[in-house]
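In this note's numbering, the protein residues as written are 1 to 186.
In case anyone wonders, no lab produced these hints; they're calculated from the structure. Remember, predicted model here, so these are calculated numbers, not experimental data. Don't be surprised by glycine CBs; every beta carbon is placed ideally from N, CA and C. One or more hints might be untrue.
To be verified - Per label pair, the in silico range of CB-to-CB distance: (1) Glu158 / Asp29: 35 to 45 Å; (2) Arg18 / Ile160: 33 to 43 Å; (3) Pro31 / Glu132: 29 to 39 Å; (4) His8 / Tyr164: 19 to 29 Å.
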Amino acid sequence: MRLILASHSPRRRELLSRITSDFEVIPSDAPEATAGSPSERVLASAEAKARAVARRERGIIIGADTIVVANDLVLEKPSSRDDARRMIEQLSGRSHTVWTGICVLDTETGAVRSACEETEVRFRPLDGEEIERYLDRDEHRDKAGAYGIQGAAAAFVEGIHGDYYNVVGLPICRLVVLLREIGVRL
Numbered sequence: 001m002r003l004i005l006a007s008h009s010p011r012r013r014e015l016l017s018r019i020t021s022d023f024e025v026i027p028s029d030a031p032e033a034t035a036g037s038p039s040e041r042v043l044a045s046a047e048a049k050a051r052a053v054a055r056r057e058r059g060i061i062i063g064a065d066t067i068v069v070a071n072d073l074v075l076e077k078p079s080s081r082d083d084a085r086r087m088i089e090q091l092s093g094r095s096h097t098v099w100t101g102i103c104v105l106d107t108e109t110g111a112v113r114s115a116c117e118e119t120e121v122r123f124r125p126l127d128g129e130e131i132e133r134y135l136d137r138d139e140h141r142d143k144a145g146a147y148g149i150q151g152a153a154a155a156f157v158e159g160i161h162g163d164y165y166n167v168v169g170l171p172i173c174r175l176v177v178l179l180r181e182i183g184v185r186l
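Can you build the whole structure from these sequences, using the hints too?
Shown next as structure tokens:
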């Protein structure tokens, strides 16, 4: 069985390596979905990523996508430092939801399993100076919502309700369940 992670994310690689070292990383060039509810968006993006890799590779392919939703606004990856500042300011003192869609596709059997994980995260109130210090660390780059809970932004989190690994970018428990459903035991 060839296990393929259709992602360029170092966080997802690191998380998958917690449950198996026997996988390859083949990034997907599929565009991310921009329409629909948060769950529809991440599920469509995860499946598009898995299918894009499946067109050129054989094996069990894992696609995933994560977004952050605050006040009914989707906070994707920031386009600039100013965009990241705006996102962190929106999260300050409030709860938001992290959504990750996962798609597991077996190119041999055609089996496809998908699921969406939802986790609520609450930030404490932040002042402008600590937001600027956080942005100076450049941890906000390439992260939905402009933060990584596993880095310095951990100091912002008052609490979470749900799967911590979902907030990092790959809900491991949900992934293992999907893999088991198509016959993969890790």
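Comparing the hints with the structure gives:
1. Taking the beta carbon of each, Glu158 and Asp29 are about 38 Å apart, inside 35 to 45 Å as hinted.
2. A beta carbon spacing of about 18 Å between Arg18 and Ile160 contradicts the range 33 to 43 Å that was offered as a hint.
3. Between Pro31 and Glu132 the beta carbons are some 32 Å apart, a value that agrees with the proposed interval 29 to 39 Å.
4. The given range of 19 to 29 Å is respected by His8 and Tyr164, whose C-beta atoms sit roughly 22 Å from each other.
Of the numbered hints given earlier, the model fails hint 2 alone.
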